[in-house]
Structures are given as C-alpha cells and as structure tokens.
Amino acid sequence: GGTTKDSNTNSGSGTQASAAADPNAALKEGLKIAFLPKQLNNPYSDVETGGGKVAVGELKGEYKLVGPNDASASSQVSYINTLIQQQQDVIVVAANDPNAVCPSLNQARAAKIKVITFDSDASKDCRDAFINQATTQGIGESLAKMALEQAGSDGGEIAVLSATPNATNQNSWIEVMKKELEKPDYAKLKLVKVAYGNDDDQKSFQEAQGLLQSYPNLKVIVAPTTVGIAAAARYISSSSYKGKVAVTGLGLPNQMREYVKDNTVTKFALWNPADIGYLAAYAGAAMASGQITGAEGEKFKAGKLGEYTIGANGEIVLGPPTEFTKENIDQFNF
Amino acid sequence: MSDTRPAWRSRLTGWDTIIAVLTVLVLIIASFSVENFGTSRNFTFMVLDLLPIILIALPMTMIIVTGEIDLSVASTLGLTSSMMGWLWNQGLSIETIIPLCVVIGAICGVVNGFLITGLGLPSLAVTIGTLALYRGLAFVVLGDGAVADFPWNYTGWVTGTIGDGAVPNVLILIVALAVIFGIVQHATPFGRSLYAIGANAQAAHFSGIRVARTKFWLYVVSGAVAGLVGVLWTLRYSSARADNGAGLELAVVAAVLLGGVSIFGGKGSLPGVLAGVVLLTALQNALRLEDVSGQALNIVTGSLLVLSVLLPNITTAVRGNWHRRKLRQAAAR
Amino acid sequence: MEVRNVSKSFGAVAAVQGVSFPLHPGEAHALVGENGAGKSTIVKMLAGVHRPDTGTLRVDGSDVDFSGPADAKAAGIAVIYQEPTLFPDLSVAENIAMGNQPLTRLRQIDRKQMHANAERLFRRLGVPLDPTRPARGLSIADQQLVEIAKALSAEARVLIMDEPTAALSAVEVERLFAVVRSLRDEGAAIMFISHRFEEITALCQRVTIMRDGRHVATEMVADLSVDDMIRRMVGRDLSALFPKQEVEPGEVVLEVEGLSREGVFRDISFSVRAGEIVALAGLVGAGRSEVMQAVFGVDPYDSGTVKVHGRRLKRNEPRAAMAAGMALVPEDRRQQGLVMDLSIERNVTLPRARKLARLGLLFGGTEREAAETWTRRLQTKLGRLSDAVGTLSGGNQQKVVLAKWLATGPKLLIVDEPTRGIDVGTKAEVHRLMSSLAADGLAVVMVSSELPEVLGMADRIIVLREGRVTAELTRGEATEESVMYAAMGQEVAV
Amino acid sequence: MLKTRELGIVLALAILVAYTAIDNPRFLSGQSIRDNLLNTAILAVMATGQAVVVITRNIDLSVGSVLGLSAFTVATMMSNNQDLPMIVAILAGLAVGAVAGLLNGVLVRYGKVPALVVTLGTLYIYRGITYSWAGGSQVNADELPRHFLTFANDNLLGIPWLVLIALIVVGAGSLMMRNYRVGRELYAMGSSPAAAELAGIKVARNLLGAFVLSGALAGLAGVLYAARFGTVDAAAGNGYELNVVAAVVVGGVAVFGGSGTVWGAALGALLLTVIGSALAVLDINQFWQQAIVGALIILAICADRLVAVRIGRSLRKRDAHV
Ligand SMILES: Nc1ncnc2c1ncn2[C@@H]1O[C@H](COP(=O)(O)OP(=O)(O)OP(=O)(O)O)[C@@H](O)[C@H]1O
Ligand SMILES: Nc1ncnc2c1ncn2[C@@H]1O[C@H](COP(=O)(O)OP(=O)(O)OP(=O)(O)O)[C@@H](O)[C@H]1O
Ligand SMILES: [Mg+2]
Ligand SMILES: [Mg+2]
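Protein chains in written order, with the numbering used here: chain A, 1 to 334; chain B, 1 to 333; chain C, 1 to 494; chain D, 1 to 322.
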C-alpha cells in the first residue's frame, strides 16, 4: 500500500541525521518492522515472531511477517529483496546462512533499513545488532549438565540428535558441549554419535530409531532442537526403550508436555522464544528511532523485559534459559 | 501449398505465442499497479532470481523435446557449488576453479548420459537416482560447512549491473546463451533431429540420426550448464553449500512445461520457454511485493502450470464442437 | 447393418461425403478406392472411433449412435484396423481375450481357459505362435495374424477388415480366407478392404467403390471386371502395372558377404549392380527385412561384410550407409518411416537436413522447396506441407516416405514392401518410378511379399527361407512356382 | 520368468539385511524389525496407488501433498472431536485423498493434460492449500485422542495395525491387477493407450479409478502418518513423491507403463526403507547416506534392466528358427 510514504521519508531522514546515538530520542510510531524467520510454519519461529508482533503492537508500528517455506538461504534473499523494495524500516531476520544473506542485507542497510538478526546470526558486518537467545557457552554447558543428570551417577553412552548438519547454532552449541565433556566431571559420559534429523519430524524420528539400534547401551539422547527432541521423545515413549533411555535438550513446553507427564522426559530447557521476537522488535525500533546505533555499551528499554545493554559485536543477550520439569511445565504456554 | 495464411494463424494461436503475450501483459499491468515493481533495482532482482531457472531451462528444453528428462540438475548444481567451496579451500585460484566446476557438472552429465543412452535405462528413474546421489556427494564434499570468502570482484560482478546502470551483468550471459541455444534448437540440423527423436526415436534412427549420441551430449551439456549455474549461484550468494539449489529441478521443469513444451517430447519452442520463465518469475515477484504469502504463490504456480496445457485444449475442443454443430446445421438445411 | 449417407471431415479435409451401402449377413462386401478415398475413415465410423458428422448407421433396421468403440463392440461389430493395435507388454493370449476374458466363479480371470482359447484360434489359422509370449517383438505379419485372431475370437456378427492382408503372403492369405469364408457361411456380414483385386474377386460378392470420399457405385463383384473396377476407382484408364524397362546392368554397387545375426539370419551373400532391380522374396518372417536393415545399418549383425562400391561399410551405422549413397524405405512406415507428429516437409528433409543447411543453419524456405519437388513428383495428395504427416491417408504417407529417401539422391535404394497399402494407380506410378530410377543407373533392392510385383519388377530374385538364402533366380528362371517352392522349403534346381 | 524381476529385489534385500545383521545383530531384533515394517507401511500404501497409476503410463506426483492435506485434515478433525472412532478418521482420509485424486484424473482425462503436468501442478496446489489453511499451526500429539495415537502401535495377533493395513492394501492391489479384468485393462491402457481406446476398454472410467485409488491411498497414508508421528504440520509428507516414485521404479514398474507389479513396488518401498535404516545402523557417515541411497537406486534400476534384457534374449532364442 502507498499510504505510509510519509513515515518512510521521516524515518529515512531521521536516521541519516543522527550518526551518533541519542539515548533520549523518542521511539517513533508507525515504524514498518518486518520479520523474516528461517522458515514459515515452524512452530518455534511462530512463537518468536508472535512475541515480535506483540512488541510492534505496543510500539504502534506496522508488523509484517514473511518467509520461505523451506529453510534455505537463497529463498530468504528473495524476501529480503522484496522488503527492500517495500522500504521497510526494520528487518528482523534469522539467517539461514550467515554469508548468503549478507549482500542483500547490506543492500538493505544501504537503503537505510535497520537489520536486526535473531535466533541465528548473519555475518556481523552485515547487520546492526544480533539478539542472542543465550550465550553459546551457556547453552552448551547447560546441555552437558542435563545429560550428566539424566545419565545418572554411573554415566554411560550419550548421543546428540541435532538439526541439519549445517545449522550454525546447533553446531556451535555441540562444540561447546564437546569441550565441556572433556572435563573430568564428565569423564563417565561418552558421546558416541551426532545424528542429524534435519529439523524434519520424520527424519528425526527415524534417526532416533537408528541411534538405539546402533548403540544398545545408550543412556541419553540430547537434542538441541525443538523438532528433534519432540521426535525422539515420541519414539521412546512408544517403544520398549521407555524408561531406559532418557531424552533431554531444548524443547517447546507445549510439544513436550505429554512426554514429561508420561515420564519419558524429566527435564529439558529453553529460553522463552516469544521474548526473543519481542526484544528484537524493541531493539529495531530503538535503532530506527536513533536511540542506539549498535555500538557496545549502548542501553535501551525493551518494554516489559526491562533494560538491555549491547554487548561486544552488537550482541544483545536475552538471558539464561529456563529449565522445564514436571513441576513447572504447566506454567508455560508456548 | 501456396496457402500460408492458416499456418501463420495457427502459429499465432499457438501456446508459446499466447504465453509470450500473457507475459508482456503481466509485466505491463504489474509495472502500473504494483508499487516498486517497475524500478530498476527490482528489475535487477528479478533477473538474478530467474538466472538459474532460465539457464538450466535451456538444455532442459532440448532434453524434454527428445522425450527424456533430467531431474538431477539441481543436485549437480549443489555438487559443483560444494566442489567450488572445497577447491577454494584447497587454495586454487578462482580462474581455475570456475572452468573446473563446469567440467565437474559435465561429468555428472556424462554419468547420466551413459546410464540413459549406454545402458538404455529410463531417464526419469536414472535422474531420480542421481538426484539423490549428486546431492549426497555434495554433502560428502563439504559436509555441514559453508565456504564464503570468494573474491569480491567475482561475487560483485554476478550481483552487479553494467556501469551501475539498470542492466545486470548476468543479463549478458543469459541473452548470449539463450541466443546460442535458440539457434541450435530451431535453425540447425541438430535441433531438427531433436524433434524427430522426441516424436519417434525409431524413425529418427532409420533416418540416420544418432539418437543415443545426441541424447548423450544433451545430458553432458545439461550437466555443464548446471555446473555453470552452480558457480553463479555460489558467487551470487557468496556461499558454497551442499544444499544450494535444492528443489530447483521442479521449478525448471514447471517453467519448461509452462512454456508449452510437451512432456512426451517432439513439441515445444525455446521462446515459449523463455516467456514461461519470465512469466513465473515476474508473477511471483509482483505477488510478493503485494505481500501475497509464499503458500499462495505455490497455488498460483501450480494453477498456471495446469492451465497452461488445459486452456489450449479447451479452446480446441470448443472450436471443434462449434465447427461440427455448424456442419450439422448446414446438413439439416 | 447399413451405412446411410454418412459424411466426415477433419478440419478442412472432407474425408467421406454422403456414402451409403448395406452389409448383408452371409456376404462379403469389398470396399475399394484409391489412397485417401476415405475407406479407413468409414471403418472407423463403423467401429465407433469417429462419429459421423452427418448421416446415420443402422443395425438391424434401427439407427445407432456409437459413443465409442465399446458400443460398436457391444453391437457385435469386430474390426481389424489398418494399423495393428496390440498391447506389446501383454501376452498374445491376453491381447486376444482383452475385454472377453473367461472368468472363474470369483470373477477372476481363468488363464488356463484363455490360453486354450488362443491356441484353438491359432490352430484354426495355422499360426505357430506361443500364446504366452508377449506381443512385443512380433513381426508385422505376426501382429496382423494376432489381430485377425482377436477379431475372430469376438464371434461377431459383422467383421470389418481394413487391409488385413497387406502384410501377409499368399499362404497366410489363403488360410485367412478359408476362415473368413466359413464365418461368412455361418451368417456373418463381412467388410473387406484391400488393394489387391485378385483377393477381392476371390472372397467378395459385392463391392462398393469410392473416389475422393464420394460413393461411386455398389455392385455385385461378378458383374464387374477388374478393369471396370479400376476405371471407376481412378476415373481413367491405367497403363501397364509393371512397366519394366530392360537395362544393361552396370558395375557392382552392393556386395553382401556371409552376413549373419544370431537367431535371425545366417550366411547371407548377394550382390546388386547398378541399373538392376533385385527382389528379396520369401514367406512372411523369413528374415528379409532384418537382412536389409542390417545392411543399411539400423540393426547390428554378428559377422560378415557389407561393401558399397567395393568399400566396406561400418556396421550398425546408418549414417555411413547414407554417406555411401544408400537409402532404405522401411516396411513399417508408422514406426520406422515417418515421424507422425512432424510436418510433411520436416519428414521429407529429415535425412538430409545437414546437406540443406548453409553455414550450419537451416532456413524454412530451402526445406519447403526440397519437400515440394518430391511430393509433387510422387503426386502426394496433401493439404499443406506444414501439416503433420499423421493426417495423411496410409498410401499418401507411404509416398512421403518414398519422397524422403528419393530426395537424398541415392545410388542404392532399398525398398521394403514399397507398395504396401498403396492403391493400384499409385502402385503403377511407384513401379514406373522404380524402373526409371533403375534405368538411370540406380541399384534397387526390393523386399516384397507380393509375388506378381516380384516377378514383374525384378531382374533377379533372391529367395529367403528361415533366415537363409534358398535360391537365386534370374528373371527368366523365375516363375510363381519356382519362387514359392524355394520360399516354402523345396530346393529348386537352378 | 516374470518373477525374476521381484526376485532380484528380494535378493538385494536379503544381502543387505544379512550384511547389516552380521555387523550388528540387533538389526534383527523384534523392535528393529517392527520399526522397519512400520516405516515401510506408509510408503508401501502410497507405492501401491502409484504403481497402479504408473502402470497406466501416467504418474502421480501429488501424493506427498495429498498426504499432507489428509494428515492435517484428519489431525485437526480428531483434535476437535476427541471421541471420533478410528474408522471415521480412516474414512475421512480416504475421502480427502479420493477427491484430490479425482481432480487429478479429471484434468488428465477430460482436460487432456499429461499426468506429469497435472500432478506437478496439484503438488504445488494441494500443498499451498494445506499451508494457507494451517498457517504456522501444528497439531501436537497431546491434542490428539489417545486411541488415535495408540492405533499406530497397537497390534492384532502381534502384527501392528499399520503393517496389517499395508499388507491388505498391497495384497488387494496385487490381486486386482493380476486376476481381475479391470487390472488387465489398466495394463493394456499403459501398454498402448491408442489400442486401448480401440479395444473398447472404458478408458475414462479406469483412468479416473486409478487416480482416485492413488489419491485415496495417499489420503489413507496421511491418516497413518498422523497416527504414527503424532505431530502434524503443513509440511507433512513434503518431498515424499520422489520416495514413492523411487520405490515404484526400484520395484520394477516400468515408467512407460504396461509392466511391473504392485507387490514389486511394495518390495521397492521395503528395500528403500531398509537401506535407510541399515545405513543408520551400520553407522555410516551421515553425509554418505544420501549418496549411497542414490547409488543403490541406480543399481536397482540397472539390475532390473539386466533381467529384462535376459528375458528378451531368451524370447528371441525361443522364436529363432535358424
Ligand atoms: N485423423 C485425421 N485427421 C485429419 N485428416 C485425416 C485423419 N484421418 C484421415 N484423414 C484424411 O481423410 C482422408 C481419407 O483417409 P482414409 O484413411 O480414410 O483413406 P483410405 O481410403 O483408408 O486410404 P488408404 O488406402 O491409403 O488407407 C485422407 O485425405 C486423410 O488425409
Ligand atoms: N524386434 C524383434 N525381436 C524379436 N524377434 C523379431 C523382431 N523382429 C522380428 N523378429 C522375428 O524375426 C523373424 C523375421 O521377421 P521379418 O519381419 O524380418 O520377416 P520378413 O521376411 O521381413 O517378413 P515381413 O517383412 O513380410 O513381415 C520373425 O520370426 C520375427 O518374429
Ligand atoms: Mg486406409
Ligand atoms: Mg519384412
């Protein structure tokens, strides 16, 4: 639609004028903030962008959600190009490939669009800020810790069921986890395999099957992806391995509730994905309004989440993940 | 024999002409009614979006005209992209890598060609197999990694425009290749033989056409072009990855069929296919600018594909009925 | 059954216009006319394939409107089409039984019964075919025999046969006729189409003559002489059918030595000189076509040599044969001779597109000119050169195949059943053409199942039986008897 | 003689299982066999329909999308009506699939559009409909009725329902194609479409029937999918069409119609599934798996071709009189 031309020009000149941050600048209304998740129709990203929608509503901006049906970098590029053509004010994107989206993102920035990445970062020289759900280190450690708890005092074999072989997040968490496992505390744990379910429900399901056939003594499956953990839990809960093999990792409470209640899963973790989108929207608005530029140390207010400080390399860390158990799971609905 | 008018008229109502007119109409309507559609930057984006489909469609058209199919093209693209990343990591220069990648694509084509013409296996089955094989090899080569640090002057050339104007650099490539393929397909003995092979391979064989050899070379060319597109794809996204171009094969086949090429072989023209590709890309671009969701784009693509064959059939049927009724009326009188 | 004033046109072509004739039970009715006269179109209307534009079909005195072949079948009409219509992947027995398979109590197919039925039919026709083998790979003749068995198995009240004998030799034809006569005597109505008049006089009582889609006459066969029929068909008198010119043979053009292919033919040797017409005779399935296809290179052979003008040809390489000046007009024009979906001009120029190209490029004009010269010379009846060849009648398609190969200017012409499905008028033209080409120094090899043609045209006759040469006869030595003896297995002293 | 085609697949299967079992005996454990059969069931049901369509010289590429549409419809229906019995779910899935198949068939037959074009188009269309309807929503296992989820794991006489259904479908399909008139007519139509028309076969009826069957079975597969996997989103069955076609081709059904068998296609589905799980069990590098699957598909086609050539040669010999 062509009704928002005015706000465009406003925001354009606004950012142009202030190369330096003005912490006291008012948040603009009517900002066009577009979310581009890794793919549409992924329940996890839907929760994330849902949080973004709430934030944009609070900011009285224009919310838009676009995205490909497949999690490929190239289809994201077409959408970024479209968003540039539509002259959005902020693009909030979860990059499917840190480099492939770069040229387009830089074109966007050249067109005075603020680029915030969330969930999965793009190369740091082609975005203005990155909303990190938790530090890579923190998640990796937490995964190792949960694995140890589940395996019990005797330790034993554990396996990882990840997303795609080239998923940036998962790979860095697994790296940290591997380093962690080398420590003496974890001596009794043996990581026997990293399998990939491609974030496809069925493939993950079959990979879980394969793991149990190949490693009869497996004690724990650690799945650092919401699709993987749900599929693994589902397989275990319906097979003879129930009660013998534990499943843990990162999962959505709604998807996992059933398996927590039937004791297939005793503990898993996740940050609140809705908060990521929420924070990203506020960060984008703050930037488009000139409150921040993305430099280290700058502070801004993110609505109900309170104040955040930009870290090194333009990273904004959401906070520590929440652990879910039978006791607390009913308090969450996402 | 001297009567050429009906031939001329039948050509005018042929599907490739209709689709060309339709394409122009869509372009015109979109430039007026869709905001930002007509801008030069959007033109560049569109050309970049249709680059892989249009290039792969060139040899694919020939292959489908001979009654065969190549579903492995997107996987060949992925494999060359992987190889490109791997070779780059080995420290080869980009000037060596690019021709090497085209050769790798051609080798994929040689394998297809050998299985299909040498062993006489059905191409649909073979290329479903190599679709999985080449994609798998792509992952073997590069695994989960991505290689990104290609030289800027190359990546920039692919996404850039001539003299910073409105004409993308790759458009030269597209036009040059399209002209070459067009001439070969429509104005050479080789091109003629493709139609004969597609419509009746045995009769072609009896006419002295080397059916197997011709098909073999088509697969080699198809592989080489897919390899070239693998290079261009990698440079455009400055990212060599094993999953590059996944699923592109169906888009290419859809575009070729939309352009009026018969899936049974023997019929179709390259201009029709080019129009088909442009129509699809332009429509998707315009709809995206209008915030139509990707899901709805699926429906549009699918419907177009079916309608592209259905509509001409319906018009012929209606015309035939009308003609018959007229005859009956004349007889009744 | 009766045909009343039916018409049918395809686009601008009026294939049949206002034709009427009756089919009486217990009578064989012949339908004759030149190529493209509309005979097959009538057959297809009777069979429910085409719907008449105007006019009606009547069965048992009441109008019928067939919406498809199933309706015609249900009305008791069985049809043998001009072109075989078998299912190559199914067994011969299944082909015959399709639609009428014997069923067991559970409505499952009773295979045993089905095979037994097929065997019975084959015994009646005297064909040594295995009912369980797939139809793929059957020779044209065998295919035609299966078609005949199929039509007979339907035990129809009306049996329509569109050139069933075109691919058969005298022995099979005689057996077929015996069967058809007995059907006729049991009260079936027979419609029979053929370009061979001796067959018509031998089998039919009544004849309908067509010209250019119009009805000319329906008369008793006994009341007409063959010449009468021909005159009314073509609308003028014909010159001699076999206008053989005597030519002094020149140097040897083709030399075949010890050619063998396992399971097909063995140790074939012969030679052909310039100006000579050599005929390959034999019963159906003797392997004549296979030999010539191996010579031309479309089929492989295991051992032996083929030399043209003393130079050995590469095996299995038609292009080499063409370069040496060879041309092959194949026996199956639909599968081997023509690309039905392509235009007439493209078909004619197909083998020599390279020669017509300038700087590697082809232009429509040159192709059209080249095509026009030869189609006109062969008096092909066509609408536009840009029409698909599939829209032509069978005989005119055959002319296009001839045009296609004559246009390459061959030194050695191999013709396999050159006049199959061609009307008398055209046949005479083709024969005249062949002799004049031979007179100009062309070497001609002719494979033919028609003895009169063989005897009338050939300078020398090579007889094949079961893949071997059993006799080589000169024009003087050859008689109907001597050729038949050699073809059927009795060695003839030469 | 015809059996040699399927025999090749059985042999390949036996070698693969033996090799894997030697490496890891647990591959032959009850749970493992059960898993393999359960995984094959869905593919085999779809392969049955696909085989029938391919035998008529057509193809149905829309099956993956039909599966998705049916799975999502049924899952939504069941989550909204917790008390509906399983049989209603199955009937609903069959109905959704049959309608989708009917549309394919009508376009192919009456629109005279080649099947590959039609079903490539409806592949996009049906998937698009599911996406537009589902949006990002997902039906999770905890929203589905218990009896629906346990159906996938329940047994009848020790055989899981899923496997039983697949066996019934494959068995009935084979019987129909081999011993009933309509089956032979379908072969005839694929062997020579023009001749089938001339032979008075009710081509339209049979063709619609074949597409409706393929659609309905894809719909049924959608129900089984929903019951087995519990979580259903709009992407369910995405890309399945290539697996199904691969199974049919590996199973010895000629892509040009007229030959091959339904149970061969089912064997093809089993072989593909077992290859997948054997590679996982053999602990073969994840990255190599897809490549190996591709290579094995090609190998299977080559083997099939070899058998066909043998048969052809023996036919030649039998007829030879030289
Ligand atoms: N499907 C078709 N489309 C267009 N024209 C056709 C078609 N079928 C036949 N014709 C035309 O109708 C006319 C009559 O053809 P038909 O096949 O009936 O001839 P015929 O008497 O059987 O000849 P022949 O002896 O050569 O078999 C011809 O001019 C032919 O070109
Ligand atoms: N493709 C094939 N595969 C297997 N056998 C074949 C094939 N083609 C022909 N034959 C067999 O080869 C033998 C020779 O057939 P061919 O058709 O060459 O005989 P012909 O003498 O040319 O007779 P005509 O041309 O009159 O039919 C026959 O027995 C036939 O069944
Ligand atoms: Mg005819
Ligand atoms: Mg012959």
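What the hints contain is simulated information worked out from the structure, not anything from laboratory work.
There could be a bad hint or two in this list.
[Claimed, not checked] Which chain B residues stay away from chain D? Per the calculated CB distances, all over 12 angstroms, these:
no.	residue
1	Val-102
2	Gly-120
3	Phe-139
4	Val-140
5	Asp-144
6	Pro-189
7	Phe-264
8	Gly-294
[Unchecked claim] Capping the alpha-carbon separation at 27 angstroms, the derived lysine-lysine pairs in DSSO-like fashion look like this:
no.	chain 1	residue 1	chain 2	residue 2
9	D	Lys-112	B	Lys-267
10	A	Lys-28	A	Lys-53
11	A	Lys-301	A	Lys-53
12	C	Lys-314	B	Lys-267
13	B	Lys-267	C	Lys-112
14	D	Lys-112	B	Lys-326
15	C	Lys-112	D	Lys-112
Note that the structure is a prediction, hence the values are computed from the model and not measured.
All residues carry an ideal CB built from backbone N, CA and C; glycine is no exception.
A quick look at each hint next to the structure:
1. Val-102: Label holds. Min Cβ-Cβ 22 angstroms, cutoff 12 angstroms.
2. Gly-120: Non-interface label fails for Gly-120/B: nearest chain D Cβ at 7 angstroms, not farther than 12 angstroms.
3. Phe-139: Label violated. Min Cβ-Cβ 4 angstroms, cutoff 12 angstroms.
4. Val-140: Since the minimum Cβ distance to chain D is about 5 angstroms, Val-140/B lies within 12 angstroms and the statement is violated.
5. Asp-144: violated, 8 angstroms
6. Pro-189: Fine: 28 angstroms to the nearest Cβ keeps Pro-189/B off the interface.
7. Phe-264: Non-interface label fails for Phe-264/B: nearest chain D Cβ at 6 angstroms, not farther than 12 angstroms.
8. Gly-294: Contrary to the label, Gly-294/B does not stay out of reach of chain D, its closest Cβ about 8 angstroms off (not over 12 angstroms).
9. Lys-112/D x Lys-267/B: Roughly 15 angstroms between the alpha carbons, so the hint for Lys-112/D and Lys-267/B holds.
10. Lys-28/A x Lys-53/A: Given pair Lys-28/A, Lys-53/A holds - Cα atoms ~16 angstroms apart, limit 27 angstroms.
11. Lys-301/A x Lys-53/A: holds, 17 angstroms
12. Lys-314/C x Lys-267/B: violated, 33 angstroms
13. Lys-267/B x Lys-112/C: violated, 45 angstroms
14. Lys-112/D x Lys-326/B: holds, 24 angstroms
15. Lys-112/C x Lys-112/D: Distance ~38 angstroms between Lys-112/C and Lys-112/D Cα, so the pair is violated.
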